[in-house]
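Asks: Sequence:
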Amino acid sequence: MDDDLTRCWGGDDPLMQAYHDDEWGRPVHDDRVLFEFLLLDNFQAGLSWRTILNKRENFRAAFSGFDPLKIAAYGETDRQRLLADAGIIRNRAKVKAAVSNAQAFLEVQAEFGSFDTYIWKFTGGKTLESTPLANWEDAPATTPESDAMSADLKKRGFKFVGSTICYAFMQSIGMVNDHLATCEKRNAAAGP
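With the first letter of the sequence shown counted as 1, position 24 gets the number 24 in the working numbering; the numbers rise by one all the way through.
Quick caveat, the hints were computed from the structure, so don't treat them as lab data.
Beta carbons: idealized from backbone N, C-alpha and C, even for Gly.
Hints are supplied without guarantee of correctness; some may be wrong.
Restraint-style ranges between C-beta atoms, simulated for each label pair [as the list claims (entries may be wrong)]:
| # | residue 1 | residue 2 | range |
| --- | --- | --- | --- |
| 1 | ASN58 | ALA134 | 18 to 26 Å |
| 2 | ASP147 | LYS70 | 25 to 33 Å |
| 3 | GLN80 | GLU137 | 39 to 47 Å |
| 4 | THR182 | LYS96 | 37 to 45 Å |
| 5 | ALA151 | GLN103 | 14 to 22 Å |
| 6 | GLU76 | PRO132 | 30 to 38 Å |
| 7 | PRO132 | GLY157 | 18 to 26 Å |
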């Protein structure tokens, strides 16, 4: 982590800085990592990303290392265990959605060969370059691509996948490059 780097966000929080510098906006094509971001973005609905990021390792431990195959098999005992875990967000609907989303994720993998193949079709397999923004107030909350993704995920049984959550997911996995014009990571984020 470079403390002198000009960043979009991260401020003086080392965890947020590291996430910005090393992960956010970089293209992800590994299905397990894609599932991790999908699960975390689902839990982030209505909360700050800082809250989720600070609990990320607790989520990793509670949710079997973000293994969708294991999570898809969770039963009532696992749901109760998760609802009792103070290290994560204990929201009954989000916990239930994590399990059903893992099941839907596996169905998508079976249909398309990988979740990666499926999800990147919403941007034609490439990172969309947004118009470089001067500040976050000008950033969109949704796009036609996130609208289409949300509608298709919902049709496939996914929960907590509104267009705004889908757009945040797209940003996190590098489907769109929304680094600000002044951010030194703007050009480094682009990629297939």
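Asks: Can you give the numbers of the hints that this structure goes against, from lowest to highest?
Replies: 1, 6 and 7
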